[in-house]
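Chemist: Please build the complete structure, drawing on both the sequences and the hints.
Going by UniProt numbering, the sequence shown opens with residue 1, and the numbers climb by one from there.
Note that these hints are calculated values from the structure, not bench results.
All values reported here derive from a predicted model rather than from experimental measurement.
Glycine included, each C-beta is placed from N, C-alpha and C at the ideal position.
A hint or two may mislead.
Said to hold, decoys possible - Listed next, the in silico DSSO-like pairs over lysine-lysine satisfying Cα-Cα at most 30 Å (straight line):
1) LYS52 to LYS3
2) LYS133 to LYS151
3) LYS89 to LYS135
4) LYS3 to LYS62
5) LYS62 to LYS52
As the list claims (entries may be wrong) - What follows is a list of derived Cβ distance ranges for each label pair:
6) SER90 to SER126: 28 to 34 Å
7) GLU91 to GLN50: 19 to 25 Å
8) MET1 to GLU139: 29 to 35 Å
9) PRO21 to ARG75: 15 to 21 Å
10) ASP36 to LEU154: 23 to 29 Å
11) VAL87 to ASN117: 31 to 37 Å
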Amino acid sequence: MEKRLNDLYRQIAETVNEMIPELWEKFYFYAQVSEDGGGTYFFYQPASNQEKYEYSLEIPNKYQVNEKKYRLDKRKLFSIAEEMREVFKSENQELWYSFTLILERTGELKVHFDYTNWFDTDYSFSDQLIIWKYKYLSEIPKDTGLQRLIKQYLEEFPDNPI
Numbered sequence: 001m002e003k004r005l006n007d008l009y010r011q012i013a014e015t016v017n018e019m020i021p022e023l024w025e026k027f028y029f030y031a032q033v034s035e036d037g038g039g040t041y042f043f044y045q046p047a048s049n050q051e052k053y054e055y056s057l058e059i060p061n062k063y064q065v066n067e068k069k070y071r072l073d074k075r076k077l078f079s080i081a082e083e084m085r086e087v088f089k090s091e092n093q094e095l096w097y098s099f100t101l102i103l104e105r106t107g108e109l110k111v112h113f114d115y116t117n118w119f120d121t122d123y124s125f126s127d128q129l130i131i132w133k134y135k136y137l138s139e140i141p142k143d144t145g146l147q148r149l150i151k152q153y154l155e156e157f158p159d160n161p162i
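Modeler: Take a look at the structure:
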């Protein structure tokens, strides 16, 4: 199982690396997978400005990359995430609903699995993105409504599982 997961982590890293149009220092990849679907996205720190994060969905417009290839790579990332979930299932492991993979340019890799079924909560995918950015990118929203969302999440989920 470990060998297969390491191969899938490598595939994610290679695909994300190909999708980033500039030299990067660190990236954060997120995938959410269930029997009903899911999605993926990533943020990266450009080597030229490590104070900011670039959002994967903005790459095609900002950098004029080939949108067809970009969409194919995005689908590939979701397929790899689905395959990871299948590895857990085939090994009779507890199924996760989302995971975050963090890779630094140095090669340091961290993976965090979240077993919370977000489809059974009142948190939308966009709510989860705000919470995820708060946890991993230390981004505190300026909007008071979104700040309340994070406060509510931390009260409901004190272990901050996302």
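Chemist: What hints, given by number in increasing order, does this structure fail?
Modeler: Of the numbered hints, 1, 4, 7 and 11 do not hold.
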